[in-house]
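What follows is each chain in one-letter form.
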Amino acid sequence: MTEEPVVRIDNVSKSFLSEDKLVSVLQNVSFNVGKEFLCIVGPSGCGKSTLLRMIDGLDRPSQGSVYFHGKPVEGPTPMMGMVFQTFALIPWKTVLENVEMGLAWVRITDEDRLKRSEKFIQDVGLDGFEASYPKELSGGMKQRVGIARALALEPEVLLMDEPFSSLDALTAEGLRKEVLEIWSNPQFSTNSVIMVTHNVQEAVSMADTVIVMSPRPGKVIDNVRIEMDRPRDQRDPRFYDYVDRIISKIS
Amino acid sequence: MDLALALQLDAMDPGLNPANLPYFAARSLLRLTLAFGLSLGFALAYGIAAAMSRRASHVLLPVLDVLQSVPVLGFLPVVFIFILTRVPGDSGKELASVILIFTAMVWAMTFAVISGINQIPNDIKEASKAYGVTRSRYLRQVVLPAVYPELIWGCILAWGGAWYFIPVEEYVSFGTTTNVHLPGLGFFIAQAAAQSRLDSAILGLVAMVLVIVAINRIVWRPLVARTEKYRYESTGGQRGFHARHGKLRSSLLKYEGRLATPIVSFFKYEKMNLSSFLETVPRVHVPPKVRERLSRIFLVTRVIVIIGFLGLMVLVIFFLENSPIPTIQAALNQIQSFQPIPNCTDCLSGFPLLAYSTASSLFRLLAAYLIALGWTLLAGIAIAMRQRLAKILIPLFDIGQSIPATALFPIVTLLILSRVASPMGTQLASIILLLTGMQWYLLFNIVGAIHNIPNDISESVSAYGVSGKRFIREILIPASFPAIISGSMQAWGGGWNATIVSEYIVTGAQQVQQVAGLGAVLVNASNAGSAGTVVIATAIVIMTSTILIINRLVWHRLLKRADRYKFES
Numbered sequence: 005m006t007e008e009p010v011v012r013i014d015n016v017s018k019s020f021l022s023e024d025k026l027v028s029v030l031q032n033v034s035f036n037v038g039k040e041f042l043c044i045v046g047p048s049g050c051g052k053s054t055l056l057r058m059i060d061g062l063d064r065p066s067q068g069s070v071y072f073h074g075k076p077v078e079g080p081t082p083m084m085g086m087v088f089q090t091f092a093l094i095p096w097k098t099v100l101e102n103v104e105m106g107l108a109w110v111r112i113t114d115e116d117r118l119k120r121s122e123k124f125i126q127d128v129g130l131d132g133f134e135a136s137y138p139k140e141l142s143g144g145m146k147q148r149v150g151i152a153r154a155l156a157l158e159p160e161v162l163l164m165d166e167p168f169s170s171l172d173a174l175t176a177e178g179l180r181k182e183v184l185e186i187w188s189n190p191q192f193s194t195n196s197v198i199m200v201t202h203n204v205q206e207a208v209s210m211a212d213t214v215i216v217m218s219p220r221p222g223k224v225i226d227n228v229r230i231e232m233d234r235p236r237d238q239r240d241p242r243f244y245d246y247v248d249r250i251i252s253k254i255s
Numbered sequence: 008m009d010l011a012l013a014l015q016l017d018a019m020d021p022g023l024n025p026a027n028l029p030y031f032a033a034r035s036l037l038r039l040t041l042a043f044g045l046s047l048g049f050a051l052a053y054g055i056a057a058a059m060s061r062r063a064s065h066v067l068l069p070v071l072d073v074l075q076s077v078p079v080l081g082f083l084p085v086v087f088i089f090i091l092t093r094v095p096g097d098s099g100k101e102l103a104s105v106i107l108i109f110t111a112m113v114w115a116m117t118f119a120v121i122s123g124i125n126q127i128p129n130d131i132k133e134a135s136k137a138y139g140v141t142r143s144r145y146l147r148q149v150v151l152p153a154v155y156p157e158l159i160w161g162c163i164l165a166w167g168g169a170w171y172f173i174p175v176e177e178y179v180s181f182g183t184t185t186n187v188h189l190p191g192l193g194f195f196i197a198q199a200a201a202q203s204r205l206d207s208a209i210l211g212l213v214a215m216v217l218v219i220v221a222i223n224r225i226v227w228r229p230l231v232a233r234t235e236k237y238r239y240e241s242t243g244g245q246r247g248f249h250a251r252h253g254k255l256r257s258s259l260l261k262y263e264g265r266l267a268t269p270i271v272s273f274f275k276y277e278k279m280n281l282s283s284f285l286e287t288v289p290r291v292h293v294p295p296k297v298r299e300r301l302s303r304i305f306l307v308t309r310v311i312v313i314i315g316f317l318g319l320m321v322l323v324i325f326f327l328e329n330s331p332i333p334t335i336q337a338a339l340n341q342i343q344s345f346q347p348i349p350n351c352t353d354c355l356s357g358f359p360l361l362a363y364s365t366a367s368s369l370f371r372l373l374a375a376y377l378i379a380l381g382w383t384l385l386a387g388i389a390i391a392m393r394q395r396l397a398k399i400l401i402p403l404f405d406i407g408q409s410i411p412a413t414a415l416f417p418i419v420t421l422l423i424l425s426r427v428a429s430p431m432g433t434q435l436a437s438i439i440l441l442l443t444g445m446q447w448y449l450l451f452n453i454v455g456a457i458h459n460i461p462n463d464i465s466e467s468v469s470a471y472g473v474s475g476k477r478f479i480r481e482i483l484i485p486a487s488f489p490a491i492i493s494g495s496m497q498a499w500g501g502g503w504n505a506t507i508v509s510e511y512i513v514t515g516a517q518q519v520q521q522v523a524g525l526g527a528v529l530v531n532a533s534n535a536g537s538a539g540t541v542v543i544a545t546a547i548v549i550m551t552s553t554i555l556i557i558n559r560l561v562w563h564r565l566l567k568r569a570d571r572y573k574f575e576s
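If you read the sequences in order, they're chains Y and V. Read left to right, the first sequence gives residues 5 to 255 (this note's numbering). Read left to right, the second sequence gives residues 8 to 576 (this note's numbering).
I should point out that these hints are in silico values taken from the structure, not numbers from a laboratory. One should not assume that every hint holds.
Calculated cross-link-like contacts (lysine-lysine; reagent style DSS-like; alpha-carbon spacing at most 27 Å) [what the hints assert, rightly or not]: (1) Y:LYS139 to V:LYS398; (2) Y:LYS97 to Y:LYS119; (3) V:LYS136 to V:LYS236; (4) V:LYS476 to V:LYS398; (5) Y:LYS139 to V:LYS567; (6) V:LYS236 to Y:LYS25; (7) V:LYS398 to Y:LYS97; (8) Y:LYS139 to V:LYS476; (9) Y:LYS25 to Y:LYS181; (10) V:LYS136 to Y:LYS119; (11) Y:LYS97 to V:LYS136; (12) Y:LYS75 to Y:LYS39; (13) V:LYS476 to Y:LYS97.
Cβ-to-Cβ under 8 Å is the rule here; a few derived chain Y residues that face chain V [what the hints assert, rightly or not]: (14) TYR71; (15) PRO80; (16) PRO82; (17) ALA92; (18) LEU100; (19) GLY106; (20) ALA108; (21) ARG111; (22) GLY132; (23) PHE133; (24) SER136; (25) TYR137; (26) LYS253; (27) ILE254.
If you want the ones that stay clear, here's a sample from chain V, every Cβ over 12 Å from chain Y, calculated [to be verified]: (28) LEU67; (29) VAL94; (30) VAL226; (31) LEU322; (32) ALA366.
All C-beta atoms in this analysis are idealised placements derived from N, C-alpha and C, irrespective of residue type, glycine included.
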């Protein structure tokens with residue numbers, strides 16, 4: 005008997021009613037997520053964000069199931085942390101309050117909650133910005149708050165929904181590196197990262213596994229293991245091969 | 008042509024026969040359509056001139072600002088007196104009525120035209136210039152399409168405001184001499200209420216709501232559907248939101264557009280003071296210092312301009328009636344001796360009366376406001392927490408708000424006064440009438456704000472397990488704070504407008520029930536004929552100033568604070 009993966013997506017389909025027509029977003033999607041960095045790549049509208057939300061329990065599949073350690077996902081759990089494309093910070097809460105709000109699940113004293121939030125704010129390099137409001141921060145800094153909020157949960161699975169696509173190219177590049185550094189840190193308690201992106205280079209530079217999805221209705225059309233050591237050199241011919249292979253599948 | 012029939016109906020039991028309802032509906036609609044045609048022509052001409060010619064805008068925008076900030080219901084007696092003395096008989100009444108509906112419709116539409124033109128992106132303007140597009144082609148192919156979406160919403164707003172007036176205009180009396188009874192749905196309801204015929208009154212109300220709903224379905228909905236095509240792309244945001252809440256969202260947009268009394272435009276554009284007017288004018292650079300100074304003196308300036316404008320109107324009326332134009336001393340004496348109830352020795356009169364009336368109106372408005380805020384906030388939270396509840400409640404609210412509050416007045420009065428004795432009953436009726444004029448602004452602003460919480464935010468909140476009371480306290484209420492403030496401003500505007508019809512209530516057989524208030528002062532003064540015009544003008548100035556001062560002291564401050572509760576787009 006094979007070992008149960010961390011997350012198992014089993015024949016998941018999703019459709020919804022739009023103006024009385026049934027629109028199919030995802031069709032018979034299955035794959036496993038082990039202790040790895042996994043990217044889901046696909047054109048916009050292929051349902052990859054919907055899939056991520058189903059893994060977190062924010063959305064339900066129309067058919068099939070998502071399993072977390074063999075148990076069907078029924079709603080959000082503190083075992084998973086989510087990073088949003090638009091950062092999803094509450095504008096009337098400070099950086100610290102936003103991170104603390106992420107710990108609503110965790111039953112600890114207020115003092116511990118404060119300490120833990122401060123530690124992760126420090127870890128993402130926002131030392132000194134605890135009392136700032138999101139409005140006062142740049143895009144990159146806002147996403148750092150989003151990441152700190154997710155990491156503070158010390159989740160087993162970190163979910164990221166196009167975390168870098170609202171940022172300018174330079175900021176995104178820097179933040180990508182930092183996320184990989186955090187990921188490679190042995191202290192880091194998270195076993196799996198699942199990241200949704202439409203940027204193939206980004207996926208190849210970061211992931212152990214890339215799940216390639218077709219345009220709507222989204223189906224898994226390829227499952228690519230990236231056998232390259234990190235940090236990966238974008239000028240490496242193998243890097244190009246991976247990118248070409250994925251792009252040729254999508255288009 | 009129809010006058011003969013109308014007179015005939017007046018002579019007999021004036022048409023409480025349900026068979027007359029289609030005729031009455033047609034008459035009300037005819038009045039509305041005429042006024043709408045006038046408004047559309049005016050709005051396009053004035054709006055395009057104001058937005059496209061720099062020189063014209065210097066005059067047109069400030070004039071527009073003054074005209075639209077005078078509470079229209081306060082205008083009503085003045086306009087009726089003015090027109091009825093010029094054009095006697097029923098045609099004069101019809102004319103006065105159409106002109107009043109025009110004043111209720113036109114401002115929202117004119118501002119819609121201006122704001123539509125202002126939404127043309129600079130790129131497009133520059134591209135048109137760069138490619139040598141002629142002025143008339145620019146007008147046809149850039150300006151008119153840009154105006155279209157805003158204008159449609161402006162029209163819907165205007166019709167909502169106009170329906171609000173229908174019941175008032177079709178059945179008014181000034182003193183014992185002038186009765187304005189025009190055949191129409193509002194008249195039907197008022198007649199039925201005057202005869203204590205609850206069944207007929209409700210029948211009339213149902214007919215009116217049916218007509219309103221039918222017009223929305225047949226005329227406005229298809230036109231609104233086409234507005235998307237002409238909209239310049241705005242901020243993306245809310246991905247996925249549209250798909251999921253598409254239907255709910257479009258119905259909410261509808262409320263935003265339809266929530267209407269004319270005074271709404273007053274609050275919506277109140278911030279459009281002189282300095283921001285100057286900003287709308289292309290190529291004029293206003294130094295920040297000047298701008299700041301302009302906005303600081305604006306409150307006083309506005310009050311002075313309104314006093315000047317109303318003073319001028321009073322003079323015109325006196326002139327047209329060939330009465331001797333009063334000196335300031337004589338005018339003050341007229342105010343001083345004004346006392347609405349004849350032969351009353353211990354009644355207030357003059358300025359103490361005005362002060363007491365203002366306080367009394369304010370008190371009732373506050374009571375109605377608190378009730379409205381309480382229930383609408385609860386409803387908003389309930390809808391946010393239970394999606395299924397939204398499906399039941401939203402259509403109910405939809406019908407509720409489509410009923411013009413003024414059409415409800417006779418029915419509410421009939422119901423309350425027959426159960427609760429005066430003066431408690433009258434006070435209660437008055438507060439409930441104010442409530443009907445206030446509550447929808449709050450409700451739809453709050454519900455709209457809660458539904459506009461970005462998808463990512465509500466998902467992150469549930470992804471991180473914030474729920475229940477904490478969710479309400481830390482997310483829902485702060486998120487609706489800006490909407491509560493702007494809804495409150497609109498509600499108070501609607502409320503002030505409603506004072507005029509809610510403080511002086513004519514029940515069956517010309518029996519008058521009144522409570523102290525500025526609205527009652529206005530109605531009583533208009534009963535006094537031309538001698539009352541000075542008092543009317545004074546009362547309008549007091550009312551407008553009170554509105555402006557409360558705005559400045561309360562709402563503008565809160566609105567500034569509300570900025571931090573807004574989501575970034």
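Against the structure, the hints:
{"no.": "1", "hint": "Y:LYS139 to V:LYS398", "verdict": "violated (35 Å)"}
{"no.": "2", "hint": "Y:LYS97 to Y:LYS119", "verdict": "holds (17 Å)"}
{"no.": "3", "hint": "V:LYS136 to V:LYS236", "verdict": "holds (23 Å)"}
{"no.": "4", "hint": "V:LYS476 to V:LYS398", "verdict": "holds (23 Å)"}
{"no.": "5", "hint": "Y:LYS139 to V:LYS567", "verdict": "holds (15 Å)"}
{"no.": "6", "hint": "V:LYS236 to Y:LYS25", "verdict": "holds (22 Å)"}
{"no.": "7", "hint": "V:LYS398 to Y:LYS97", "verdict": "violated (31 Å)"}
{"no.": "8", "hint": "Y:LYS139 to V:LYS476", "verdict": "holds (26 Å)"}
{"no.": "9", "hint": "Y:LYS25 to Y:LYS181", "verdict": "violated (43 Å)"}
{"no.": "10", "hint": "V:LYS136 to Y:LYS119", "verdict": "violated (60 Å)"}
{"no.": "11", "hint": "Y:LYS97 to V:LYS136", "verdict": "violated (46 Å)"}
{"no.": "12", "hint": "Y:LYS75 to Y:LYS39", "verdict": "holds (17 Å)"}
{"no.": "13", "hint": "V:LYS476 to Y:LYS97", "verdict": "holds (17 Å)"}
{"no.": "14", "hint": "TYR71", "verdict": "violated (18 Å)"}
{"no.": "15", "hint": "PRO80", "verdict": "holds (5 Å)"}
{"no.": "16", "hint": "PRO82", "verdict": "holds (7 Å)"}
{"no.": "17", "hint": "ALA92", "verdict": "holds (4 Å)"}
{"no.": "18", "hint": "LEU100", "verdict": "violated (14 Å)"}
{"no.": "19", "hint": "GLY106", "verdict": "holds (5 Å)"}
{"no.": "20", "hint": "ALA108", "verdict": "holds (5 Å)"}
{"no.": "21", "hint": "ARG111", "verdict": "violated (11 Å)"}
{"no.": "22", "hint": "GLY132", "verdict": "violated (21 Å)"}
{"no.": "23", "hint": "PHE133", "verdict": "violated (17 Å)"}
{"no.": "24", "hint": "SER136", "verdict": "violated (12 Å)"}
{"no.": "25", "hint": "TYR137", "verdict": "holds (7 Å)"}
{"no.": "26", "hint": "LYS253", "verdict": "violated (25 Å)"}
{"no.": "27", "hint": "ILE254", "verdict": "violated (20 Å)"}
{"no.": "28", "hint": "LEU67", "verdict": "holds (37 Å)"}
{"no.": "29", "hint": "VAL94", "verdict": "holds (52 Å)"}
{"no.": "30", "hint": "VAL226", "verdict": "holds (22 Å)"}
{"no.": "31", "hint": "LEU322", "verdict": "holds (52 Å)"}
{"no.": "32", "hint": "ALA366", "verdict": "holds (36 Å)"}
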